[in-house]
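As they're listed, the protein sequences go chains A and B.
Each residue of the first sequence is one higher than the one before, starting from 12 at the first, in the numbering used here.
Each residue of the second sequence is one higher than the one before, starting from 12 at the first, in the numbering used here.
These aren't lab readings, by the way, just hints derived from the structure by calculation.
Any given hint might turn out to be false.
One copy or any two copies: either way a pair holds, since identical chains are not told apart in the list.
In silico SDA-like cross-links for lysine to any residue, where the CA-CA straight-line distance does not exceed 25 Å [claimed, not checked]:
no., residue 1, residue 2
1, K132, D189
2, K112, G59
3, K132, R48
4, K128, D189
5, K199, R32
6, K34, M97
Everything numeric in this text was worked out from a predicted model, so none of it was measured.
2 protein chains.
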Amino acid sequence: MRVLYHLPLHPGCRKIRVLMREKKLDFELKAEQVWERREGFLRLNPAGEVPVLVEDGGAVIPDAGVIAEYLEETCPEPTLLGHDPMERAEVRRLALWFDAKFNREVTINLVDEKILKRFMKLGHPDSQAIRAGHANIHYHLDYIAWLCDRRTWLAGDDFSMADIAAAAQLSCVDYVGDVPWEQHQGAKDWYARVKSRPSFRGILADQVPGLPPPSHYADLDF
Amino acid sequence: MRVLYHLPLHPGCRKIRVLMREKKLDFELKAEQVWERREGFLRLNPAGEVPVLVEDGGAVIPDAGVIAEYLEETCPEPTLLGHDPMERAEVRRLALWFDAKFNREVTINLVDEKILKRFMKLGHPDSQAIRAGHANIHYHLDYIAWLCDRRTWLAGDDFSMADIAAAAQLSCVDYVGDVPWEQHQGAKDWYARVKSRPSFRGILADQVPGLPPPSHYADLDF
Chain A
12 MRVLYHLPLH PGCRKIRVLM REKKLDFELK AEQVWERREG FLRLNPAGEV PVLVEDGGAV
72 IPDAGVIAEY LEETCPEPTL LGHDPMERAE VRRLALWFDA KFNREVTINL VDEKILKRFM
132 KLGHPDSQAI RAGHANIHYH LDYIAWLCDR RTWLAGDDFS MADIAAAAQL SCVDYVGDVP
192 WEQHQGAKDW YARVKSRPSF RGILADQVPG LPPPSHYADL DF
Chain B
12 MRVLYHLPLH PGCRKIRVLM REKKLDFELK AEQVWERREG FLRLNPAGEV PVLVEDGGAV
72 IPDAGVIAEY LEETCPEPTL LGHDPMERAE VRRLALWFDA KFNREVTINL VDEKILKRFM
132 KLGHPDSQAI RAGHANIHYH LDYIAWLCDR RTWLAGDDFS MADIAAAAQL SCVDYVGDVP
192 WEQHQGAKDW YARVKSRPSF RGILADQVPG LPPPSHYADL DF
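The following block holds chain A by itself, in its conformation from the complex:
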């Protein structure tokens, strides 16, 4: 069976998990503590990062962006990128917005500071980073609401990789209880629709040992 090497609170890994569930692909999850720099794993991906997908035949595809394009090419139904080049450009633009910009401005400042640092024994969270993450998230939640005012889903009429990318990031920040949902009704309504998709169930069942999520995390009527 396909194997996905992952970490539970890693947005790129969550993106691929949801993507594969949307495409109804079976796979086994294997947690990889990347900071241990295990030799067998570095042979799979010299960059030493998750996610890495290993196909039944042994083909190895590292990186969330690369895996997403590969799965779209090899398992095109249902498409999560769109039906023509301009639609796909808009989906990719927004997916990248969340994969890169949201990640850099919000997720790294909150999730990596609070969780990854603990596992990597890198000391206490940096309070300046935490403050930056809390300040920056409002702008992104406003952007989600602005898009949803004009479209059914973030990139257009259809649920797409843009929604998956945004929800993958937000779900990690939500796990540490740092999404101010009550101040952003538009984004909350969109996220409630994402949460109710069966593809999202695995994400909502995640439990990091010693660090339970807030009670609303897995609640579909949060």
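Let chain A serve as the given structure and place chain B on it in line with the hints.
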């Protein structure tokens, strides 16, 4: 005519310039001082970043990664991604290696510190960043040589987006004179082959006012 909003020493912009030349697409270059946050430009790309491609009909496609996929879909000949999903996964893996990892570990530490900070009036280069860039580049030049020992071009038999991505980064670092070519013959031989391609001529003609490149920069027999 197609317009590409760009900055001369921006690796993502250089990647798209070379890509369009390889595909023999005509385009006009417009320099965009992104730090001025010009309103008309922010309407094209709310992320406020170059490159942005504007098509003849007015379609707007921002971000180097998104533009590259869009051009491959709309102008597929010659392909710069490869002919089957696994080939394309390897090209995308390596392109991302240079777009993200090399950029973060080398280019930002050297080019952004020395050039971008000056234009943005952010003060002097950070000597710790400069040292990190100088230390990290060896590992990447070794990786290029290792790949070229086993393959004609970085990702396989054909010149691809992987070569373009790597050369786009290295050419910026080379402009500030910080590539230790003499210690890395394998990478130098590969870069000499890239430099000799007609698609690369525009890059080698770049001149940043007040900051001329070293004499070997545009020399094909450097």
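Now the hints, each set against the structure:
1. K132 x D189: within (22 Å within a copy, 34 Å between copies)
2. K112 x G59: Cα proximity of K112 and G59: in one copy and across copies (22 Å, 11 Å).
3. K132 x R48: For K132 and R48, only the intra-copy Cα distance (15 Å) is at most 25 Å; the inter-copy one is 39 Å.
4. K128 x D189: within (17 Å within a copy, 33 Å between copies)
5. K199 x R32: For K199 and R32, the Cα distance is within 25 Å only inside one copy (22 Å; across copies 45 Å).
6. K34 x M97: both (22 Å within a copy, 19 Å between copies)
The structure shown violates none of the earlier numbered hints.
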